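The whole structure should be built from the sequences, with the hints applied where relevant.
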Amino acid sequence: MPAVGLLEVELHFSGARSLKDKRMVLRSIKDRLRRLNVALAETAHHDLHQRARLAIVSVATTRDAVDRSLATALDEIERRDPGAVTTTDVEWLA
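Residue numbers for the sequence shown follow our numbering, so the first one is 6 and each next one is one higher.
It should be emphasised that the hints constitute simulated quantities derived from the structure, not laboratory data.
Simulated pairs of lysine to any residue, SDA-like, Cα-Cα distance not exceeding 25 Å: (1) 35 to 64; (2) 35 to 79; (3) 35 to 93; (4) 25 to 58; (5) 25 to 91; (6) 35 to 54; (7) 25 to 83; (8) 35 to 77.
Listed next, with one range per pair, are the computed distances between beta-carbon atoms: (9) 25 to 48: 17 to 23 Å; (10) 17 to 68: 28 to 34 Å; (11) 56 to 36: 18 to 24 Å.
These numbers come from a predicted model, not from an experiment.
Backbone N, C-alpha and C define an ideal beta-carbon position, used for all residues, glycine too.
Below, the structure written as structure tokens:
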């Protein structure tokens, strides 16, 4: 049975002065994460220029593979924007 993991990441962009600034950073993060073969979407704080929440989903045949995939995604976000991640939450859907 396949494993499905959901990683929710709350982000804070202290340098963003407008929604346009926030969108530029998010676009860069999303482009990098899509290369990791995960699905993602911005799920909250659409109208706030310094906050965002991303939902990242990975599907694989084992939980270990999903866990590695989500950990790699989180590492990529932290590498791109050190200190931007404020909270994370992992949920197992299957």
